[in-house]
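Undergrad: So the chains spell out like this:
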Amino acid sequence: GESVGLHLPTLSVQEGDNSIINCAYSNSASDYFIWYKQESGKGPQFIIDIRSNMDKRQGQRVTVLLNKTVKHLSLQIAATQPGDSAVYFCAENPNTGNQFYFGTGTSLTVIP
Amino acid sequence: DTGVSQDPRHKITKRGQNVTFRCDPISEHNRLYWYRQTLGQGPEFLTYFQNEAQLEKSRLLSDRFSAERPKGSFSTLEIQRTEQGDSAMYLCASSPSFTPDGEAFFGQGTRLTVV
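Chains Y and W, in that order, are what the protein sequence lines are.
Position one of the first sequence corresponds to residue 25 (this note's numbering), numbered consecutively onward.
Position one of the second sequence corresponds to residue 334 (this note's numbering), numbered consecutively onward.
Don't read these hints as lab results, they were simulated from the structure.
Don't take every hint at face value.
[As the list claims (entries may be wrong)] Here are the computed lysine-lysine pairs in the DSS-like style, where the Cα-Cα straight-line distance is at most 27 angstroms: (1) W/K404 with W/K390; (2) Y/K66 with W/K344; (3) W/K390 with W/K344; (4) Y/K66 with W/K347; (5) Y/K66 with W/K390; (6) W/K347 with W/K390.
This is chain Y alone, in the form it adopts within the complex (with noise of 0.2 angstroms):
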């Protein structure tokens, strides 16, 4: 199967500070980039997007970059809240059909 992998399991920022949650994948044929946010007891809920031809895509506070010569994404959070609080999934589509491969997630956590 794919492998989407995150570098770090956890991370704990200061309120206020910027967060890079970082994702590597396997697949240099995905050409589709989603980062997810999941708070406990609750479903995925979509952050942003990217696509493969394109390195980098801003939302609001959220910048997703991607790195296809090492198959590398990254998602920065400006100015961290504690709302932010929540495991990030970054995910990605083959191009083969309709499925996404997850990664395993990073908890981030906040501190006041």
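Assemble chain W onto chain Y, guided by the hints.
TA: Relative to chain Y, chain W alone:
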């Protein structure tokens, strides 16, 4: 509430019993997904519907699992002869897109415990 609705939220069953879960997607969303998530892991794809057609099934979906979306609206996921390894959160998601691109909206899931 116009989000994805899943029922029940929790299900405890004895090994060997059959269970059925229901998912009501957001109205007029043509794409519907089922995923399974175990503790500490990301969701694993199970199956995908485009309207009423089941177009993809994961190899994870054994013969004991069956999913339907008879009228292209709600969907059901049935697990026959449940095993302890089936214990997980079962997530449903829907999307209005005609391609895999775009936001998929997840429900809160059905947590299955097989005892």
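Undergrad: Please go over all the hints and tell whether each is borne out by the structure.
TA: Tested hints:
no.	hint	in the structure
1	W/K404 with W/K390	holds (19 angstroms)
2	Y/K66 with W/K344	holds (16 angstroms)
3	W/K390 with W/K344	holds (23 angstroms)
4	Y/K66 with W/K347	holds (25 angstroms)
5	Y/K66 with W/K390	holds (24 angstroms)
6	W/K347 with W/K390	holds (26 angstroms)
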